[in-house]
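*Asks:* Each chain, letter by letter, is given below.
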Amino acid sequence: MNAIHSLLVIVSFILGGLLFADSPKESDYYTITSFKAPGDNQTEVGGIALMPDGKVAISTRRGRIWTIDNAFTHPEKPAQWKVFAEYLHEPLSLAWKDGWLYAVQRPEVTRMKDEDGDGRADIFETVSDDWGINGNYHEYNFGSRFDKEGNLWCALCLTGSFTSESLYRGWILRVNENGKMLPTACGVRSPGGVGFNAVGDVFYTDNQGAWNGSSSLKWVKPGSFQGNPNGNIWFEYAEGAIGAQPPHPNYDIDDRIEEARKKIPTFIPPAVVLPHKRVGNSPTGIESDLSRGKFGPFEGQTFVGEQTLSRVHRVYLEKVNGIYQGAMFPFLEGFQSGNIGLLLTKDGVMFTGGSNRGWGAKGGQPYAFERVNWTGKVPFEIHEMRARKDGFELTFTSPVDRGSVKDGSFSMEAFTYDYGKKYGSEEVDAVVPKVTVSSISDDGKSVVIKVAPLTKGHVHALKSAGLKDGEGNGLLHAEAYYTLNEIPK
Amino acid sequence: MKTVIAIFFLFTSGVYAQSEKVMELGKQTFASCSLCHGADGKGAKAGDILMAPSLHDSEFVKSKIAKPLVAVILKGIVKEDSKYLQQMVPLEAALSDEQIAAVAAYIRKEFGGPETTIKPGDVKRWRSQYKSRSVSWKRSELAQVVARAETGPLLRNVSYSVYEGKWSKLPDFSTMEPVQRGELKDGKLTLDVVKDRKDNFGIVFEGDLKVAYTDTYEFSLLSDDGSALIIDGENVINHDGIHPATIRKGSEKLEAGEHTFKVLYFEGGGNEALGLSVEAKKIGEMSLSKKPVKKSQKKQKVYPPIILKPENDEAIVHRAFLPDAKPRAIGVGYPGGINLVWDADVLNLAYVWRGGFMDTAKHWNGRGSGSEPVGGPRTKIAHGLPLQQLESLDEPWVSFSEAKIKYERDVPNPVKEHTFNRKHPDYQFRGYRLDGNRFPTFRYNYKDIEVTDTFTPAISGREDALIRLIKFAGEAPDHCYFRISDMSPAVKKKDSDWISVGNLEIYIEGVEPTFRQSEGKKEVLALIDKDVEIKVTYRWTSPRKEAVK
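So the sequences go chain by chain: E and Z.
Per the numbering used here, residue 1120 is the first one in the first sequence, and the count goes up by one each step.
Per the numbering used here, residue 3 is the first one in the second sequence, and the count goes up by one each step.
Calculated from the structure, these hints are not laboratory results.
Just so you know, these numbers come straight off a predicted model, no measurement behind them.
Cβ coordinates follow ideal geometry from the N, Cα and C atoms, glycine included.
Warning: the hint list may mix true and false statements.
Claimed, not checked - Where chain Z lies over chain E, by a calculated footprint (3+ residues, C-beta under 8 Å):
hint, segment
1, 1206-1212
2, 1225-1233
3, 1248-1255
4, 1479-1493
5, 1508-1518
6, 1573-1585
Unchecked claim - Calculated cross-link-like contacts (lysine-lysine; reagent style DSS-like; alpha-carbon spacing at most 30 Å):
hint, chain 1, residue 1, chain 2, residue 2
7, E, Lys1299, Z, Lys408
8, E, Lys1299, Z, Lys85
9, Z, Lys408, E, Lys1216
10, Z, Lys473, E, Lys1232
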């Protein structure tokens, strides 16, 4: 009996070991390579940009801009670091255009050039400083790269994250290379990044706080109101650039965005809520995959940095009834510090980096600069999650095991958040919809589920714990969070 | 009798309703705390770690005195490890006395602390006690805050006797008859009790010294003139004789419990001062006098300095929030120890100084509140917008561009006026260009003219100097003046073209300066017409105190 028992233990160990070894993990598909700056230099990365000569430029919160050669081949061919500029004022974003490196500093958008060819910038041109700044540390300024029309978008944090004590605090502005500034959207609280989706529409991330129940990815439709009314006093300076000041939200109750939208026509709801605490606490940089498959199966999708939990999220966006919405999926964790900047090149290589200074991060290191490469293996993931009038269509990166596609493989909860002046919100108005399988495509790569009820304005958190691929593996990430601003007609 | 009962009833129900209201306010206020500490006070999870510690185990929550908890709420806690994701930030600016009192009461009631009344007045007092403290608490200090709060006042039942006489050493007061006696209500030693006396008097303070912990206590006695500290009849500090305000220290091991103390003091002539403080491991430092012993307590720096120093004959151009300038400040440190701040909000030089350049410790730590020039002193030179059209020389100079707007947070129809910096529509900052030594030339536009502003450190005669070249390209509008200085006295030195201004002398080339007195200031102006170039040499009038290598 004892012998048999021992044998069983051994067998189960071996099986366990095999199962463990086989159980897919993120690093099978995407690897993270960490860089170290020369000497004891820190790299509290804010912005990351690709230079035309193939070097990668990073800006740090301490104001230094490095150019890094061999950033794609490190460590096989070691990275070569060079200081391009120093002591700028917390430059959090970088962009390259027509021979100039643009940095979005706290006080201005600056463009730099190395004229004498020593590798260091010697011309610093102020492109625009047409907004207010009062010395409060919270008045951050995040910028995008250039859009199709040649504009760089800046998202200006509120003063102290609650009030708007300087011109255009809580606004998003567009600046072109000639310095023309165009006020573009209002209602911002505390941004962490501005970027584009695959078709070039502009999005920014806003952090949970007052008038912002959860952190989210928001669509910057020109003329839109993003929810926090404190910056709206500056309409009298905007000279009609985005029309009249929106009506006030209700200051006295915990409202819902869904209700407030009815009263405030320009209120654009968060496109994709990144449920606070569940997936992260502080979203940052935004980059979309334009690599035509070189970064794996997620071409055209959008990636969002996460500072607190040291992660990168994946986002699928679609437009329904004229409004952007979509799903957030966990993508990759285990970064060394709090991710701020993001770059995803056309060659399918992602760079990220950040800092935990002032705002803690799970990664534990004070700063980091890292590269993400796709290993060439395709993870079993929900590829897209599309809203239907009575549920969702899920597509997959590889065929599902048809046997695993049954009602019990799915579970869902739906919830929303308070919309009001208090700091953040718990999840409220919880609904537990019933999920039933409607159909499965012949190729096994698409499943339609019926969800009853669908709740307009709610985050629909789907867990597909029972799904398996052909090899019996579950989804690499079973959770998906779809923000249902609109239900398709 | 009926009336009395009715009044009593009203009174008690009033208190009850109020405390319920306080708890409600506390609960509301706690909502933002709960994001990290959790609604249940057990710490909110972020993945598999906690955002902030559980309040149930907190010594500040459990302390029989509310003050340490309030101290934490006011000032926050320095992040010394990464056990938790977040950092307790100072909330003194965000929360009112009422909110802090309510949230502290709520936290103590809900999460296992003793139920004590905390009045907004208490918070107000503690707020003012910690007013000069600019940094968060270290955990080790907080333990001392708890110990201090639980100890209570060290000096109790303090009485004083005032004597008259002219001495050069402490006399034997026991043989003399006091001219005045009294008691110190708060036990804090002070010369306020002899406000009408200036010279030739003595005071003996005596009473109980109660310590809660057995420990070695180091006392610091500051006096002008002589003084002594006696504990349990033993002389602990002898600081006798005629002398200016200096500190003498003495240590004594004290058992927990009651002791007696005496402070003897005399004042001959001139200034007078008296202060006493004590320091021990457990309680940290406590002042035992109304005026603290360290008259100007230096701002406590949590961060070791990070000094930027120009090297290799190159200047450093450092953009950060800097003191005495608007937020778009640019610090420039030149090799050789001449430094300046050029203010891109007002397109002008803000100030110059000699010596060390910049400490970035506060800028590069925490959330980044700005850098601090390290040398000095700083000389402000006409800080403000540089150009103005003056129809008459009686028109005042407008230094800063500001505007007002009605604004209150989360209020639909605000009534309060808020003043903000507004970019002046006539100016546009264009940035700067660095030369081979990385010396910047600042560029800006004013109306139709392009202006460049360049500085070069130099030696003039035997003194430090800074040469400034300002070029105005294009045709300036009518009556357009550039302000070179707003410092007194602004007079030409005898037999020379140098003009004395403050601790500098300036020498102007390229234009004929216009002198005027405006709004109590002496101003040196220059009329700008077409394609003007002005060279101004700023020269210090005294040698530098510290050499910069």
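*Asks:* Now, for every hint given, state plainly whether the structure supports it.
*Replies:* Hint check results:
Closer than 8 Å: that is the beta-carbon criterion, and the segment 1206-1212 of chain E has 4 residues meeting it against chain Z, so the requirement of 3 holds. Coverage of the segment 1225-1233 of chain E by chain Z holds in this model, with 4 residues showing a Cβ closer than 8 Å to a Cβ of that chain against a need of three. Only residues whose C-beta sits within less than 8 Å of a C-beta in chain Z count toward coverage, and the segment 1248-1255 of chain E has 6 of them, enough to reach three; the restraint holds. Remark: the segment 1479-1493 of chain E is confirmed as covered by chain Z, as 4 of its residues place a Cβ nearer than 8 Å to a Cβ of that chain, reaching the required three.
A count of 0 residues in the segment 1508-1518 of chain E with a Cβ less than 8 Å from any Cβ of chain Z is obtained; the coverage claim is therefore unmet, three being the minimum. Figure legend: the segment 1573-1585 of chain E, annotated as covered by chain Z; annotation inconsistent (0 residues with Cβ-Cβ distances under 8 Å, at least 3 required). At roughly 27 Å between alpha-carbon atoms, E:Lys1299 and Z:Lys408 fall within 30 Å of each other, so this suggested pair holds. In summary, the hint linking E:Lys1299 to Z:Lys85 is not supported, as the alpha carbons are separated by about 47 Å, beyond the 30 Å threshold.
With a C-alpha separation of about 40 Å, the suggested pair Z:Lys408 and E:Lys1216 falls outside the 30 Å cut-off, and the hint is violated. Using a Cα cut-off of 30 Å, the hinted pair Z:Lys473 and E:Lys1232 holds, with the two alpha carbons roughly 23 Å apart.
Going through the hint list in order, the structure does not satisfy hints 5, 6, 8 and 9.
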